[in-house]
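2 protein chains.
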Amino acid sequence: MNSLEQRILKDGIVLDSDILKVDSFLNHQVDVKLLKAMGSEFLELFSDKKDEINKILTIEASGIAIAAFVAEAFNVPMVFAKKGEHKNVGNDVYTADVYSFTKGRTYEIAVSKKYINKVDKILVIDDFLANGQAVLGLKSLIEQGGAEMVGAGIAIEKAFQPGRQKLKEAGIDLRALAVIESMSPETGVKFGTN
Amino acid sequence: MNSLEQRILKDGIVLDSDILKVDSFLNHQVDVKLLKAMGSEFLELFSDKKDEINKILTIEASGIAIAAFVAEAFNVPMVFAKKGEHKNVGNDVYTADVYSFTKGRTYEIAVSKKYINKVDKILVIDDFLANGQAVLGLKSLIEQGGAEMVGAGIAIEKAFQPGRQKLKEAGIDLRALAVIESMSPETGVKFGTN
Numbered sequence: 001m002n003s004l005e006q007r008i009l010k011d012g013i014v015l016d017s018d019i020l021k022v023d024s025f026l027n028h029q030v031d032v033k034l035l036k037a038m039g040s041e042f043l044e045l046f047s048d049k050k051d052e053i054n055k056i057l058t059i060e061a062s063g064i065a066i067a068a069f070v071a072e073a074f075n076v077p078m079v080f081a082k083k084g085e086h087k088n089v090g091n092d093v094y095t096a097d098v099y100s101f102t103k104g105r106t107y108e109i110a111v112s113k114k115y116i117n118k119v120d121k122i123l124v125i126d127d128f129l130a131n132g133q134a135v136l137g138l139k140s141l142i143e144q145g146g147a148e149m150v151g152a153g154i155a156i157e158k159a160f161q162p163g164r165q166k167l168k169e170a171g172i173d174l175r176a177l178a179v180i181e182s183m184s185p186e187t188g189v190k191f192g193t194n
Numbered sequence: 001m002n003s004l005e006q007r008i009l010k011d012g013i014v015l016d017s018d019i020l021k022v023d024s025f026l027n028h029q030v031d032v033k034l035l036k037a038m039g040s041e042f043l044e045l046f047s048d049k050k051d052e053i054n055k056i057l058t059i060e061a062s063g064i065a066i067a068a069f070v071a072e073a074f075n076v077p078m079v080f081a082k083k084g085e086h087k088n089v090g091n092d093v094y095t096a097d098v099y100s101f102t103k104g105r106t107y108e109i110a111v112s113k114k115y116i117n118k119v120d121k122i123l124v125i126d127d128f129l130a131n132g133q134a135v136l137g138l139k140s141l142i143e144q145g146g147a148e149m150v151g152a153g154i155a156i157e158k159a160f161q162p163g164r165q166k167l168k169e170a171g172i173d174l175r176a177l178a179v180i181e182s183m184s185p186e187t188g189v190k191f192g193t194n
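If you read the sequences in order, they're chains A and B.
All residue numbers for the first sequence refer to the working numbering, where the first residue is 1 and numbers rise by one.
All residue numbers for the second sequence refer to the working numbering, where the first residue is 1 and numbers rise by one.
Bound-form chain A, shown alone (with noise of 0.2 angstroms):
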């Protein structure tokens, strides 16, 4: 069992049978200490494709800590996507419409062409994968800048939805430090494997 699983049991707050609180110490407050150590484990899991791997990519917010403490395990840079608004960035951006299932509408993210580049073969890192419509996004932007997307790695995957077999279909390498099969507030978290 591993850092993000062990955390999950202690201080995780299964709401209901689809929603899972982990605000104390992944997306809100955060925890670095537990985040470093999630940096190594996606190394680990990764390995046979780390020295490939030249760029991790995310999208804003919640996605950002934890891909910058993957980037440090990398040794590469990271790269987070902007939603919506993103003026700061520039006109010359690759952008795509992601539908959001928790809000109910989509929302546009891009990034700026300087950023995604022929040459580099890119890590997709996020949170949650609930139904994989970020990291479609994601991928999406790399296709754009003609990047290969070596895989996609999740902290927090809900097995039960259908991100998986979404991004299974796209050809997306998808690996995750928690994989929840089931959970409810009275039996708690039941963890799966890759």
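Simulated from the structure, these hints should not be mistaken for lab results.
These figures come from a predicted structure and were not determined experimentally.
Take the hints with a grain of salt, since some may be wrong.
A pair counts as met if it fits within one copy or between any two copies, since identical chains are not told apart.
[Said to hold, decoys possible] The calculated lysine-lysine pairs, modelled on BS3-like cross-linking and capped at a C-alpha distance of 30 angstroms, are: (1) Lys121 to Lys49; (2) Lys113 to Lys10; (3) Lys166 to Lys50; (4) Lys190 to Lys118; (5) Lys166 to Lys113.
Keeping the supplied structure of chain A fixed, place chain B upon it in accordance with the hints.
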């Protein structure tokens, strides 16, 4: 000259007397080695207060990666305030309105009441200081929680804008890694001191 000042001279792009682009290493593409060095340099900058600081507070999105490495250097947790919609934080939040001169409108920031407590001695971290509105909003969140704001650590201060004066009037101990006295596309960046 610290790591950030050196990097601004090397890779920062002065668009006009007001706009410095640092998106190749700080707030879009992120050089995590630089951020790691900045974390140590912030620890040095606040060395007289390092024993009392027990939490780092920033605001999404571009403050997060910097604050994460500052939190690592201080060996304390990091909290990032959310902007605009924040359903996933719950309703039990402190909020403040922040006026953005760049965007010409006011947005709301919020932090869960769970993560600001009376015992907390908080260092605020942000990437840029121009008009000081974001830092003043974060100060309001801290005060609503009955905590103490120990200071504000800014990566890049535009000393020719009113932020410093406003924060001083609010009694904030402001220290920046890179204090820009003036800049222009022709002459580049001229640094001052805290």
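Do the hints match the structure? See the list:
no. : hint             : in the structure
1   : Lys121 to Lys49  : within (10 angstroms within a copy, 42 angstroms between copies)
2   : Lys113 to Lys10  : between (41 angstroms within a copy, 21 angstroms between copies)
3   : Lys166 to Lys50  : within (24 angstroms within a copy, 47 angstroms between copies)
4   : Lys190 to Lys118 : neither (40 angstroms within a copy, 36 angstroms between copies)
5   : Lys166 to Lys113 : within (26 angstroms within a copy, 37 angstroms between copies)
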